[in-house]
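Below are the chains, spelled out letter by letter.
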Amino acid sequence: MIGRHLSRLALARRPALASGVALAGLLILSTAQGGWAATAQEQLKGAIDRVVTTLESPALKGNGKVAERRSAVRKIANEIFDFGEIARRSLGRYWQPLSEAQRSEFVGLFGDLLERSYISKIELYGGEKIIYSGERMDGDLATVSTKIITKNGTEVPVDYRLFRRGENWMVYDVNVEGISLVSNYRTQFNKIIQTSGYNTLVDRMKTKQTEFLEGAAQKKKAQN
Amino acid sequence: MRRSALDLAVGVFVLLGILALGWLSVRLGKVDIFGGESYTVTADFPTTAGLKNGSSIEIAGVEIGRVTSIQLANYQARVVMSIRNGVKLTEDSIASIKTRGLIGEKFLQISPGGSERIIKPNGKITEVEPPIDLEELLSKYVFGKV
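Sequence order for the protein chains is A and B.
Going letter by letter, the first sequence gives residues 1 to 224 in our numbering.
Going letter by letter, the second sequence gives residues 1 to 146 in our numbering.
Treat each hint with caution, since some may be false.
[Said to hold, decoys possible] Heads up, simulated EDC-like pairs for lysine to aspartate or glutamate below, C-alpha to C-alpha not over 16 Å straight-line: (1) 106(B) with 133(B); (2) 124(B) with 214(A); (3) 124(B) with 203(A).
[What the hints assert, rightly or not] The following label-pair restraints were derived from C-beta to C-beta distances: (4) 117(B) with 78(A): 23 to 33 Å; (5) 210(A) with 117(B): 52 to 62 Å; (6) 37(B) with 137(A): 15 to 25 Å; (7) 72(B) with 195(A): 35 to 45 Å; (8) 104(B) with 138(A): 26 to 36 Å; (9) 93(A) with 104(B): 26 to 36 Å; (10) 208(A) with 103(B): 53 to 63 Å; (11) 158(A) with 98(B): 18 to 28 Å; (12) 140(B) with 198(A): 35 to 45 Å; (13) 197(A) with 61(B): 26 to 36 Å; (14) 125(A) with 117(B): 34 to 44 Å; (15) 25(B) with 151(A): 19 to 29 Å.
Treat the hints as calculated values from the structure; they're not laboratory data.
Glycine is no exception: its CB is placed at the ideal position from the N, C-alpha and C atoms.
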């Protein structure tokens with residue numbers, strides 16, 4: 001139908017003009033989609049798919065391969081999660097007065113905290129389905145909504161908040177059942193800092209990490 | 001002359017009565033006249049379940065503003081709020097809808113962040129937490145699905 005209209009406009013008799021219009025159309029389409037960069041949902045889905053593949057890969061299965069599996073998952077996580085940003089937001093107003101050295105120490109400790117809290121749960125992945133239910137954009141921020149369908153049919157809504165850094169979208173918060181990860185840690189960190197001070201918080205995180213590592217080392221010894 | 005003096009007295013008395021009533025309603029009815037001493041900020045929630053106009057907005061338990069209106073925008077609930085001047089909200093502040101006790105009225109709590117950027121008047125709080133439906137959550141995780 002459009003062809004008929006176009007030919008009526010005598011474009012058919014002016015091939016140069018027709019191709020010019022086609023080219024302009026293509027250019028407009030490509031800029032409207034922001035070039036060929038992947039959207040937030042595409043990048044997130046890519047990372048999640050890679051984690052699932054890693055967890056299901058037969059080459060990395062079994063208790064003996066725990067360390068390799070975890071380091072593979074950690075590598076992918078670092079590509080899509082901005083742990084520095086998550087740590088900064090979780091400390092809230094107590095981030096500002098910290099020195100550069102303190103800040104990088106905290107980001108490291110926080111990364112350890114997240115890893116020991118969640119990596120064992122991620123390893124329990126047993127083929128649960130992940131549904132992508134929508135993406136909302138707001139300038140340089142995006143929300144990707146997903147649902148995890150557990151084995152007994154429960155739907156767990158998980159929303160990811162991402163910000164754009166150049167071509168890459170990075171996660172800076174995760175909302176599970178409407179509860180924000182940043183908000184949860186911010187409340188707890190604020191309470192500890194207000195009652196006992198920042199140094200107490202750091203010591204506590206260091207102690208927990210050491211205990212965790214010692215526990216894991218003992219487990220490994222027992223297995224061998 | 002006496003008649004009009006009496007009328008005048010009655011009139012003044014009635015006027016005083018009305019003024020007193022008006023003052024009482026303002027004080028007890030929680031109608032705030034902070035007018036020009038506040039600025040507007042919005043936040044979009046996937047649902048506001050029970051939050052209403054006039055609901056309190058708090059930071060650390062202290063009231064710093066009121067909800068002025070809740071509108072539907074792009075299938076989300078846009079909450080327009082009036083925040084007292086002098087209360088600065090950082091860009092990474094998180095707005096959550098909470099309930100007083102477990103089954104009380106809903107209010108909006110703001111958790112201040114640490115960003116150097118401050119939300120400008122008529123700006124937006126981008127980080128939000130919707131209200132938690134406790135019953136739904138309990139039934140999901142205690143009983144699972146068929």
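Results for each hint:
1. A hinted pair counts as satisfied when its Cα atoms are at most 16 Å apart, and residue 106(B) with residue 133(B) qualifies at roughly 12 Å.
2. A C-alpha spacing of about 46 Å is found between residue 124(B) and residue 214(A), which places the hinted pair above 16 Å, so the restraint is violated.
3. About 37 Å separates the Cα atoms of residue 124(B) and residue 203(A), which puts this hinted pair outside 16 Å; it is violated.
4. In this structure the supplied range 23 to 33 Å holds for residue 117(B) paired with residue 78(A), their Cβ-Cβ distance being about 25 Å.
5. For residue 210(A) paired with residue 117(B), a C-beta distance near 37 Å fails the hint of 52 to 62 Å.
6. Between residue 37(B) and residue 137(A) the Cβ separation comes to about 35 Å, which falls outside the hinted range of 15 to 25 Å.
7. Separation of residue 72(B) from residue 195(A) is about 42 Å and conforms to the stated range, judged on CB atoms against 35 to 45 Å.
8. Distance hint check for residue 104(B) and residue 138(A): the Cβ-Cβ separation is about 32 Å, which falls inside the suggested range of 26 to 36 Å.
9. One distance hint, 26 to 36 Å for the beta-carbon pair residue 93(A) and residue 104(B), holds here, with the actual separation near 28 Å.
10. Between residue 208(A) and residue 103(B) the C-beta distance comes to about 35 Å, which lies outside the given range of 53 to 63 Å.
11. Taken as a hint, the range 18 to 28 Å holds for the pair residue 158(A) and residue 98(B), whose Cβ atoms sit roughly 21 Å apart.
12. Our hint of 35 to 45 Å for residue 140(B) and residue 198(A) holds, since their Cβ atoms are close to 37 Å apart.
13. Distance hint check for residue 197(A) and residue 61(B): the Cβ-Cβ separation is about 22 Å, which falls outside the suggested range of 26 to 36 Å.
14. Residue 125(A) and residue 117(B) have their C-beta atoms about 37 Å apart, which keeps the hinted 34 to 44 Å range intact.
15. Between residue 25(B) and residue 151(A), the C-beta spacing of about 58 Å breaks the proposed range 19 to 29 Å.
This entry does not satisfy hints 2, 3, 5, 6, 10, 13, 15, going by the numbered hints stated previously.
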